[in-house]
Amino acid sequence: MSRHLADKRQTTSGGRVKAFLRIAREGRETWHRPRKAAGASRLAQFLRIARGRTV
1 MSRHLADKRQ
11 TTSGGRVKAF
21 LRIAREGRET
31 WHRPRKAAGA
41 SRLAQFLRIA
51 RGRTV
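Read in order, the letters of the sequence shown are residues 1 to 55 in this note's numbering.
If you're looking for bench data, these hints aren't it; they were derived computationally from the structure.
All figures in this text were calculated on a predicted structure; none of them were measured in a lab.
For every residue, glycine included, the Cβ atom is placed at its ideal position computed from N, Cα and C.
It cannot be assumed that every hint is accurate.
[Unchecked claim] The calculated label-pair distances, taken between Cβ atoms and stated as ranges, are:
#1 19 <-> 50: 36 to 44 Å
#2 3 <-> 24: 32 to 40 Å
#3 47 <-> 9: 48 to 56 Å
#4 24 <-> 50: 24 to 32 Å
#5 42 <-> 19: 30 to 38 Å
#6 18 <-> 49: 34 to 42 Å
#7 50 <-> 26: 50 to 58 Å
[What the hints assert, rightly or not] Taking lysine to any residue pairs in the SDA-like style, the calculated list, with each CA pair at most 20 Å apart, reads:
#8 36 <-> 47
#9 36 <-> 46
#10 36 <-> 21
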């Protein structure tokens, strides 16, 4: 019995992986909105959470 056609695939050169990594390294502005700079109040909230305070 011979092997199925799907089992006889030749190895690829990694073109899909290369394209994925190229897209991942590019700026996010293409697909997402750019992130705004964090203000002073936002920083205070992060520090409050980091200290374990909830109120």
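Verification of the hints:
The hint said 36 to 44 Å for the Cβ distance between residue 19 and residue 50, and at roughly 38 Å that hint holds. Range check, residue 3 to residue 24: about 35 Å between beta-carbon atoms, so the 32 to 40 Å window is met. A C-beta distance of roughly 54 Å is found between residue 47 and residue 9, which places it inside the suggested range of 48 to 56 Å. The hinted window of 24 to 32 Å between residue 24 and residue 50 holds, with their beta carbons roughly 29 Å apart.
For residue 42 paired with residue 19, a C-beta distance near 35 Å keeps the hint of 30 to 38 Å intact. Checked against the hint of 34 to 42 Å, the pair residue 18 and residue 49 passes, with Cβ atoms roughly 39 Å apart. For the pair residue 50 and residue 26, the beta carbons lie near 32 Å from each other, so the given range of 50 to 58 Å is not met. Restraint check for residue 36 and residue 47: the C-alpha separation of about 18 Å stays at or below 20 Å, so the hint holds.
A C-alpha spacing of about 16 Å is found between residue 36 and residue 46, which places the hinted pair at or below 20 Å, so the restraint holds. For the hint pairing residue 36 with residue 21, the CA-to-CA distance comes to about 25 Å; that exceeds 20 Å, so the pair is violated.
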